[in-house]
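We have chain A; now place chain B onto it with these hints.
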Amino acid sequence: MIEGILIGLETALSLKNLMMVMIGCFSGTIIGMLPGLGPMTAIALMIPITYGFEPSTGLILMAGVYYGAVFGGSTSSILINAPGIPGTVATSFDGYPMAQQGKAGKALAIAAYSSFAGGTIAAIFLLIAAPSLSKVSLAFRSPDYFGLMILGLTAVSAFSAKGHFLKAMMMVVLGLMLASVGQDTLSDIPRFTFQNMNLSDGISFVLVVMATFAMSEALTIIFKANDPTRVAKQISLSELGSIKLDKIETKKMITSIPRSSVLGFVIGVLPGAGSTIASFLAYGMERNFVKDEEKQKFGKGSVNGLAAPETANNAACSGSFVPLLTLGIPGSGTTAVMLGALLGFGIQPGPRLYQTNPEIFWSVIMSMYIGMVILLILNLPLIPYIARVLATPRTFLIPLILFFSVTGIYLMSFNNFDIYLMIGIAVCATILRLYDFPMPPLILAFVLGGLMEENLRRSLLISDGSWSFLWDRPLTMVIMLVIFSIVVWQIYKGFLKKN
Amino acid sequence: MNISPSKIISLLFFIFSGFYLYTAHQIQVFTFDENAAFNAKTFPIYLGYAGLLFSALYIILPETKPSNVDLSVLDYKKTIMLVVLMILYGLTILRAGYFLSTSIFLVLSYIVLGERKWIWIFTLSFPFVAIFMYLLHGLLNIYLRDPFLQYIGIMG
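Protein sequence lines, in the order shown, are assigned to chains A and B.
Numbering-wise, this note's numbering puts 192 at position 192 of the first sequence, and it's gapless, one number per residue.
Numbering-wise, this note's numbering puts 573 at position 74 of the second sequence, and it's gapless, one number per residue.
Isolated chain A, as found in the complex:
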């Protein structure tokens, strides 16, 4: 492991990669700060650029963007009560009241320190857990992988789209259907191409991500006539108050960080749970842990109430890398985008990544530490200036997002058909979003489609066409039982609510 850490440090500390972490953290913060634009959009916009780099550099850049976007989301939660991403909603419960009391600088400092601590502690857990899990996951067979992928998709549908389980499952199927377009990987037989040569290689992952996130988010803002930056124009973003914390505040923050880090990391590892659930659970847990006097302050500007969700959401981000790096199965929409990018580099994450591409495996883990430090050093003093991004008029913001999206796909194919297809998918995605059909399950399914088919193929061929592979191995059977419980519970819960 020491050797691996040194390899990772050597790669992550190269001048180019350090620059990439800085650029990633900085641009991620800016994009994540804009309400409605989360880490998935931020990473999606970066993918075409990363294809010009080595895989480790590209992945380091995306990891930086991810952390930066989560931090940026907290900033807009605190300053204008408009969470950039769902994972920072709980941050606004106490962060925004603090800002209203003239303590915006302190709130941002608590968010920055907690994010740093949560991310760093979770990265240490990742350092310990990932190699061990990689070894364990070598024992997994095709039926287990197939089961795990269905589990990931079901869990994301159940947890990320609260109350819209069936809609999310439809999006999962749609994502898998889109992934099935193009030549079959084994037999080269064209499927759903309708004799169109442009579809014979399938639909590009970047195209689908750009269309369903960056482009459709931009169109949704216009369609709903929202101006996410309107509130920012009404407040002074340059007078945020002191960022220095007193002893009592520091003590409160320090007590909340360890427990929220552990909770956040564990929740992040679970498929589908992610930073949103982690931050809400941490907020609830913290409320139960503190004394009655502090409990009264929750929702009115409590330090613990702000530190806990901030620590947990960053710890969950690190945790979500565990299934991606060890099993090759992303547990969230954001890590699905990263998996798609990795596959684009020709790298298959999974238990063997640890052995075949140790520099990628370790450099990503080490870049997380560096990313956290850079986020703290770079963002905290610059916050009053970066916060002005919140006041960027949508009249400029939206066209620029559309321009980056079209450029991204143009750079990859130099083909009009792909641009039209992207616009078509973006328009459909905008309508679907309007009626709460969630997009993360679609992306996760699109990325996993090929792998799922491959594992189903192997499983069915081994079992000679029998579906008994789903219960022959104890591990597969347990996974299938969990999936069954989630589906039945979600449908039953719907009935309970209605009655």
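Misleading hints may appear alongside valid ones.
These stretches of chain A come out as covered by chain B in the derived footprint (C-beta under 8 Å, 3 or more residues) [said to hold, decoys possible]: (1) 177-184; (2) 394-406; (3) 435-441.
Quick caveat, the hints were computed from the structure, so don't treat them as lab data.
In this text, a Cβ means the ideal position worked out from N, Cα and C, and glycines have one as well.
Just chain B now, kept in the frame of chain A:
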């Protein structure tokens, strides 16, 4: 009778899944693969059935959390104009070249969305695209096809 838009979307998805399933059955597989445990159409066929199942469940079961969208506040005009601009952008990007088509797309989009500060409209279009192109093409060595700039001799 009021049918919720989500149910209409689910019905459309049901029809789409039916079409997908039909097309999956039409996939031509090799003769020796016809009766194999798994061939090129196996997975799509299951997907077609899954699509039918979930959309049918949504249509049949009562809605637990209906999506309330006020259609009267939606800005159709600007959205449609932006989509048309994007289609035109896609149409011209290969012919007119990246620089010209992107700059014009940005200028028109800013105007469509109601921006009237000409200095910013100009700064964030032609010079911005030129800098962006230099970053991609000049510094990151990412190829950008631009027949217009090649014609006037600016780009090699």
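field: Enumerated hints in conflict with the structure, sorted upward
entry: Those not satisfied: there are none.
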